[in-house]
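For chain D, the structure is supplied; the task is to place chain U on it using the hints.
Protein chains: 2
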Amino acid sequence: MLKVPDHQVAGHQARNGQLGPLIDDSGRFYKPLQDDDRGSKEVAFYSSFSSNTRVPDHIRRLFPVFHGTQLLEASDGSGLRPHLVLEDVVSSRSHPSVMDIKIGSRTWYPEASEDYIQRCFKKDRETSSLSLGFRISGLQIYGNEESGFWKPERKLVQNLSAADVRVVLKKFVSSNLPVDPNSDPDCSFAASVYGGSTGILAQLLELKAWFEDQTMYHLNSCSVLLVYEKEKVLKGERSDAEVKLIDFAHVTEGKDIIDHNFLGGLCSLIKFISEILTSPDECTTKACLRDSERDKEILTSPDECTTKVCLQDSDKNTNYSENGTIEGM
Amino acid sequence: MLKVPDHQVAGHQARNGQLGPLIDDSGRFYKPLQDDDRGSKEVAFYSSFSSNTRVPDHIRRLFPVFHGTQLLEASDGSGLRPHLVLEDVVSSRSHPSVMDIKIGSRTWYPEASEDYIQRCFKKDRETSSLSLGFRISGLQIYGNEESGFWKPERKLVQNLSAADVRVVLKKFVSSNLPVDPNSDPDCSFAASVYGGSTGILAQLLELKAWFEDQTMYHLNSCSVLLVYEKEKVLKGERSDAEVKLIDFAHVTEGKDIIDHNFLGGLCSLIKFISEILTSPDECTTKACLRDSERDKEILTSPDECTTKVCLQDSDKNTNYSENGTIEGM
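Line by line, the protein sequences give chains D and U. Under our numbering, the first residue of the first sequence is numbered -5, with each subsequent residue one higher. Under our numbering, the first residue of the second sequence is numbered -5, with each subsequent residue one higher.
Simulated from the structure, these hints should not be mistaken for lab results. Computed from a prediction, not measured in an experiment: that's the story for all the values here. Treat the hints with care, since some could be wrong.
Restraint ranges, calculated between C-beta atoms of paired labels, are given here [claimed, not checked]:
#	chain 1	residue 1	chain 2	residue 2	range
1	D	51	U	273	23 to 31 Å
2	U	139	D	273	52 to 60 Å
3	D	182	U	104	32 to 40 Å
4	U	117	D	6	45 to 53 Å
5	U	272	D	51	42 to 50 Å
6	D	191	U	51	31 to 39 Å
7	U	272	D	73	47 to 55 Å
8	U	52	D	45	41 to 49 Å
Partner residues are not named here, just some residues of chain D that face chain U (Cβ under 8 Å, in silico) [to be verified]:
#	residue
9	-3
10	99
11	104
12	125
13	127
14	149
15	150
16	204
17	206
18	250
19	251
20	254
21	258
22	259
23	262
24	305
Straight-line alpha carbon distances no greater than 27 Å define the calculated BS3-like cross-link-like pairs of lysine-lysine that follow [what the hints assert, rightly or not]:
#	chain 1	residue 1	chain 2	residue 2
25	D	265	D	238
26	D	249	U	265
27	U	116	U	226
28	U	145	U	238
29	U	202	D	249
30	U	202	D	202
31	U	238	U	117
32	D	202	U	265
Yeah, the Cβ is synthetic: ideal placement off N, Cα and C, and Gly gets one too.
Pulled out of the complex, with its shape left as it was, chain D reads as follows (with noise of 0.2 Å):
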């Protein structure tokens, strides 16, 4: 029995009489083709991906598992539509923490139509794509039973400031109520979510080493997935902390060269998500999406988060002396 996914915190959805996704009981997700050719490129990387036997094992377990496509009746009720039939990374788990992040400070590439590159490069200077190396393009966050998931507005979190979004990564991994915007995050499954042998910074470090090589295709405008279960970390159970890397409608090839865009912007997440795992007790703030400007103050003031460092225009004080140095700098 096909039905629409829960767990879904980016991307087109299948809700009142739209097209979406669906998923099944049996751990499958079915991603509808859409009539431009974003759908056939996504199947033609999928196809090429999984029959690459230049990807290492240990890389592919970072993609969702690929199982063809199939005709089924689309969620929108206009009929028969061909669908991706992938693995649905969330389907083991009952209340999954979900963030899904697009990497790149470029969404667009060269190949694209000139529509299509002004309104990427647009919306990645309106977000925080420019700024970042990243966006967030929607989450949820797991509290409690009572409180349910913490599911802030798409729009919200794509432009988030460097404080915000780092307060979202420790809310992300917090044992406090996320929507509760005076308590600190206390990153208490920090270590255990984003740390040790598998957690997801070694995933990511791991996908980082795979780009620092790879050749071979061009990732624009995709995703990593955050994905763990709360409840198995409050059990003391091993984290099943999951990165995974999703839509590949825009992906072109390598032609020899690295995807240095990809890499940046992975790089950048590496570095706030590390930052979080050395020193989770500093740079917390009672604020977050609310006061971004209060954030910011708060988050930079300790001093093991401020890199302070001038760089004013220097014209307005600075004398030249004839003998040699600047007076006034």
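Okay, now just chain U, sitting in the frame of chain D:
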């Protein structure tokens, strides 16, 4: 006695009454400050960087030494003008081979004016910056006493294909004459110039590790200079290959974010140089900077260099069967 530098390969040049940098016999390089804010910005960067105790010594070595500023007669005869006083990085060399590589797929930055952004955006797309993550801004390769330097036109080298960049990076470390289009670059200096514990690759990797961590500066539109002396290598002396970062007129504060744009481009350059070290004999070609289509064919035909993946639009030859898999893939 101030004079025009002999070995400048990019940037404004002090010839024919133009404004440009000067050198003296003491190993100093005098760079005139532009009238707009570029000059003062570069002074601000050097001042900040030279007094920044958080920059480790092994990284500081990769930047020219800063000796303040000085008022000097400008090379264009316009009178006294403040100049940056820097280390002349080629002063101790008689016939340096030099390559200036502007790092980053994006040379603009959010704080710049819209006009500047649009001009850079256009140039990044027209040159190899966007595709490769860097562009060669200029180079000179020493052949021998008779042939002198090979110094291709700057416009020609800014938009090289991946295959052509590979050839140029090989010519840079080859004993045969760079100007001869019919001789395969033999890469006979690759191990001593690019390789080794103090070679160019090792220096670039140190820089990379720093950029993965530092969030103080974003080096927009900055170049790495690769320099070495062929004669030293020929004599079997220890290679004096050096990496120096230059051009800081567009540096901005990092604001707790790594410079993912510089880092991505740097990783792309590192990949090119690593490949030459691991397989210098493969992918050689006779043609360079002449017939890029032919180059591409020759360069990509050996198995070691191809990374063919099939990402063609599969629309036209794909039939979707109702029972599942795609036919015709």
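Taking each numbered hint in turn, which are not upheld by the structure, reported in ascending numerical order?
4, 5, 9, 14, 15, 16 and 27
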